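There are 2 protein chains.
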Amino acid sequence: MAASFQTLPGFRDFDPRACQMRNYLFETWRRVATRYGFVEYETPLLEATELYLKKSGGELSSQLFRFRDQGDRDVTLRPEVTASLARLAAAKQRDYPKPLKWFEIGQCFRYEKPQKGRTREFYQFNTDILGDPSPATDAELIALAIDTMRELGFTSEDFKVRLSDRNAWAKFAEQHELDEEQLALLLQIVDKIERDAPEVTEGKLEPLGLKREQLTDFISDPSNESDALREIQANLKARNLSKYLEVDLSIVRGLAYYTGVVFEIFDKKQSLRAVAGGGRYDTLVSTLTNGKTDLPAMGFAMGDVVIGLFIEECAGAIRKFESWRQRNASCDFYVVIDEEEKRPEALALIQELREGGLRIDYALTKTKFDKQLKTAATTLAPYALVIGPNFPELTLRNLSARAQEPIHPNTDLVSFLKTKLSNPQGPLLA
Amino acid sequence: MAASFQTLPGFRDFDPRACQMRNYLFETWRRVATRYGFVEYETPLLEATELYLKKSGGELSSQLFRFRDQGDRDVTLRPEVTASLARLAAAKQRDYPKPLKWFEIGQCFRYEKPQKGRTREFYQFNTDILGDPSPATDAELIALAIDTMRELGFTSEDFKVRLSDRNAWAKFAEQHELDEEQLALLLQIVDKIERDAPEVTEGKLEPLGLKREQLTDFISDPSNESDALREIQANLKARNLSKYLEVDLSIVRGLAYYTGVVFEIFDKKQSLRAVAGGGRYDTLVSTLTNGKTDLPAMGFAMGDVVIGLFIEECAGAIRKFESWRQRNASCDFYVVIDEEEKRPEALALIQELREGGLRIDYALTKTKFDKQLKTAATTLAPYALVIGPNFPELTLRNLSARAQEPIHPNTDLVSFLKTKLSNPQGPLLA
Numbered sequence: 286m287a288a289s290f291q292t293l294p295g296f297r298d299f300d301p302r303a304c305q306m307r308n309y310l311f312e313t314w315r316r317v318a319t320r321y322g323f324v325e326y327e328t329p330l331l332e333a334t335e336l337y338l339k340k341s342g343g344e345l346s347s348q349l350f351r352f353r354d355q356g357d358r359d360v361t362l363r364p365e366v367t368a369s370l371a372r373l374a375a376a377k378q379r380d381y382p383k384p385l386k387w388f389e390i391g392q393c394f395r396y397e398k399p400q401k402g403r404t405r406e407f408y409q410f411n412t413d414i415l416g417d418p419s420p421a422t423d424a425e426l427i428a429l430a431i432d433t434m435r436e437l438g439f440t441s442e443d444f445k446v447r448l449s450d451r452n453a454w455a456k457f458a459e460q461h462e463l464d465e466e467q468l469a470l471l472l473q474i475v476d477k478i479e480r481d482a483p484e485v486t487e488g489k490l491e492p493l494g495l496k497r498e499q500l501t502d503f504i505s506d507p508s509n510e511s512d513a514l515r516e517i518q519a520n521l522k523a524r525n526l527s528k529y530l531e532v533d534l535s536i537v538r539g540l541a542y543y544t545g546v547v548f549e550i551f552d553k554k555q556s557l558r559a560v561a562g563g564g565r566y567d568t569l570v571s572t573l574t575n576g577k578t579d580l581p582a583m584g585f586a587m588g589d590v591v592i593g594l595f596i597e598e599c600a601g602a603i604r605k606f607e608s609w610r611q612r613n614a615s616c617d618f619y620v621v622i623d624e625e626e627k628r629p630e631a632l633a634l635i636q637e638l639r640e641g642g643l644r645i646d647y648a649l650t651k652t653k654f655d656k657q658l659k660t661a662a663t664t665l666a667p668y669a670l671v672i673g674p675n676f677p678e679l680t681l682r683n684l685s686a687r688a689q690e691p692i693h694p695n696t697d698l699v700s701f702l703k704t705k706l707s708n709p710q711g712p713l714l715a
Numbered sequence: 286m287a288a289s290f291q292t293l294p295g296f297r298d299f300d301p302r303a304c305q306m307r308n309y310l311f312e313t314w315r316r317v318a319t320r321y322g323f324v325e326y327e328t329p330l331l332e333a334t335e336l337y338l339k340k341s342g343g344e345l346s347s348q349l350f351r352f353r354d355q356g357d358r359d360v361t362l363r364p365e366v367t368a369s370l371a372r373l374a375a376a377k378q379r380d381y382p383k384p385l386k387w388f389e390i391g392q393c394f395r396y397e398k399p400q401k402g403r404t405r406e407f408y409q410f411n412t413d414i415l416g417d418p419s420p421a422t423d424a425e426l427i428a429l430a431i432d433t434m435r436e437l438g439f440t441s442e443d444f445k446v447r448l449s450d451r452n453a454w455a456k457f458a459e460q461h462e463l464d465e466e467q468l469a470l471l472l473q474i475v476d477k478i479e480r481d482a483p484e485v486t487e488g489k490l491e492p493l494g495l496k497r498e499q500l501t502d503f504i505s506d507p508s509n510e511s512d513a514l515r516e517i518q519a520n521l522k523a524r525n526l527s528k529y530l531e532v533d534l535s536i537v538r539g540l541a542y543y544t545g546v547v548f549e550i551f552d553k554k555q556s557l558r559a560v561a562g563g564g565r566y567d568t569l570v571s572t573l574t575n576g577k578t579d580l581p582a583m584g585f586a587m588g589d590v591v592i593g594l595f596i597e598e599c600a601g602a603i604r605k606f607e608s609w610r611q612r613n614a615s616c617d618f619y620v621v622i623d624e625e626e627k628r629p630e631a632l633a634l635i636q637e638l639r640e641g642g643l644r645i646d647y648a649l650t651k652t653k654f655d656k657q658l659k660t661a662a663t664t665l666a667p668y669a670l671v672i673g674p675n676f677p678e679l680t681l682r683n684l685s686a687r688a689q690e691p692i693h694p695n696t697d698l699v700s701f702l703k704t705k706l707s708n709p710q711g712p713l714l715a
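Top line first, the protein sequences correspond to chains Z and B.
Straight run, no breaks: the first sequence in my numbering ends on number 715.
Straight run, no breaks: the second sequence in my numbering ends on number 715.
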């Protein structure tokens, strides 16, 4: 096949099997967010480039899918959603009670080197609370992040939330008489302290007149926890979620716009990048609206690629996905037409069952009995419904147990078949 | 606000209220497709431009969001999904039983003049059956299209399927000794015959040596129906779906790659463009794979923009959407904290209820009782759950009836509250 007939590097085709994992994530994200009272929004995939240059700069702006459209506009495939959200929330905030609890599931695009855990497009689960500056908001959002992980089948053995507050470092900067620019530099150094060799950190700290030990001492001293961090911990303790939480001041997050509490979720083995992260951005909406709208905010995001790898590494999470997959098999009943003359009656029956909400498949054209049963098995349907010469009597065949029973013509078929499905089987059912 | 701080022309922000309609369409599309045994796939939003030039040409290729990426590749935001589907199906067909019954819901991009019913991005519901050339396949897909409309609340009073077959015109061409090129020209003329003034059609037909009346006579003569059309009608009759169907040979669809049966769905007032359309493309996969894979196929697509307008015009469809919206209100129970000291207990309770699958909202920080009730009403929650000084006794308050009752501390709360929700309320429940 020609090279042009491939996906672009870093872009993914989702065949039906791959799409199941995507849909499982979407459904789980949506279910947990909805339980927390969040409502869904969406913003365009293509935006004016200025929206991103204004906001973040730095690394992100070198990774843009940026071009001029047919109207000569400078446009960009969104690398993230927060800037668009800030616009939308500023425009619509008066129509909703505050705080806004909003979530989004959609694709983002970054021109990075494709590698394990890194693609050029990815789906992101974005959750934000806008309009409330309190640590109670931070706690609500962190609880949502934790419950998202639990709903995916992860336990406190598998992951932890590393919680921090940039304001603690602001205090450190005050104590060491660093100005704002020096604080920004300090945060960048702290952000890399785990990955950098000690001597690299020492070198970076020289211009600030600081030693690495001062940082590690600061990080390990619980008395440096901010009031916000204490309040968040108490709040999560009340929810019985403490065991997932670990205060760790070495977490500061890369993006410049974070203003206070930040957190990241890691697998406990730390073999992967952070699987989710977020923080407070109390000034972003104000900056983007030139001061017209002031909306303190807290958000977090989780991408589908890293969490997908994490699920594959964790037996409990795989089990949960597999059980979802079984429930979402492509078919409830496979109708086997064993008497071709009865096809019109079969079509009427199929129509009736589908209208009753059942998921029905069948051979579109004349097919041998055995072949029909074989195809039925590949759909993972638990049952076949056989239409034979005795129609309107039917035969219900359990495809795994290979047992079968006749169904009397006077049966209320839809109800009867629904009770046969031992578990709720709606494709969109939790 | 600066112009740069708007969406691009023809692109939409979906605030939570607008997003409900989008999600309603997605959920309905997915539910009906799944009932028909279709499985979901997805392909990239960005593709090599060649994929589209190879396939369609013409109008579509003038409407592309096309650019060079950072790796100097000629890339395009997909204007449609069928070309990508053909690639994916060709690559993966061996992993699935045939015919493939696949659907997709995703965004497409076309640089058109924004106007009513036309945006530069739109969501499309794509359904295709690949690997079976029979009219039974066509019928299955048309039945799915009809049931999608019915599931959205439209009746035979509101819409009709106009069914046709390009092969009927091939026969006409044979009778009038037209070559292939002339047949292509003829199809273009037929495609516009409804909208063009008679004299315009006459003018266009001149080079072919034909009169308009020959076309209209041909269209109105039932004996010109192809065997495929007769078989499809019999099949849909067996499903009791005849009343939605109308054979109309003036339908030929614009795209060059259709090879046989084609159809479009129209509102009966015909005040809108076609709300959906599709047809057979038996040679496309073979063309795109340079003959390596032969997969006869039939597909149809429905966009969110036109169907959204159609829903707004149709009382029955609006009612159905509104009832869905009510069921998908953002909250099942709003927890009112009437005794601030009990907040930690409230948080534990909220956590328990959410873990039980209920959708719970509450005021994140200390808020006056009346204000809490007012916010509860805006969430459309049917009930408030009041935590007062008598905790662990709770009060359940019906927010519309304004009645209330105490809940005894020993109650199995999650079960009790679930039975209180008279309708199934899961956010993802049909």
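Hints are computed from structural coordinates only; laboratory data are not their basis.
Certain hints may be false.
No distinction is drawn between identical chains; accordingly, a pair holds when it is met within one copy or between any pair of copies.
Stated by the list, open to error - Here are the computed lysine-lysine pairs in the BS3-like style, where the Cα-Cα straight-line distance is at most 27 angstroms:
1. K651 with K377
2. K605 with K703
3. K489 with K577
4. K703 with K401
5. K553 with K522
6. K522 with K577
7. K554 with K659
8. K651 with K383
A quick note: this is a predicted structure, and the numbers were derived from the prediction, not measured.
Checked hints:
| no. | hint | result |
| --- | --- | --- |
| 1 | K651 with K377 | between (56 angstroms within a copy, 25 angstroms between copies) |
| 2 | K605 with K703 | both (24 angstroms within a copy, 24 angstroms between copies) |
| 3 | K489 with K577 | neither (38 angstroms within a copy, 58 angstroms between copies) |
| 4 | K703 with K401 | neither (43 angstroms within a copy, 43 angstroms between copies) |
| 5 | K553 with K522 | within (20 angstroms within a copy, 60 angstroms between copies) |
| 6 | K522 with K577 | neither (37 angstroms within a copy, 62 angstroms between copies) |
| 7 | K554 with K659 | neither (43 angstroms within a copy, 46 angstroms between copies) |
| 8 | K651 with K383 | between (60 angstroms within a copy, 13 angstroms between copies) |
The earlier numbered hints that this structure contradicts are 3, 4, 6, 7.
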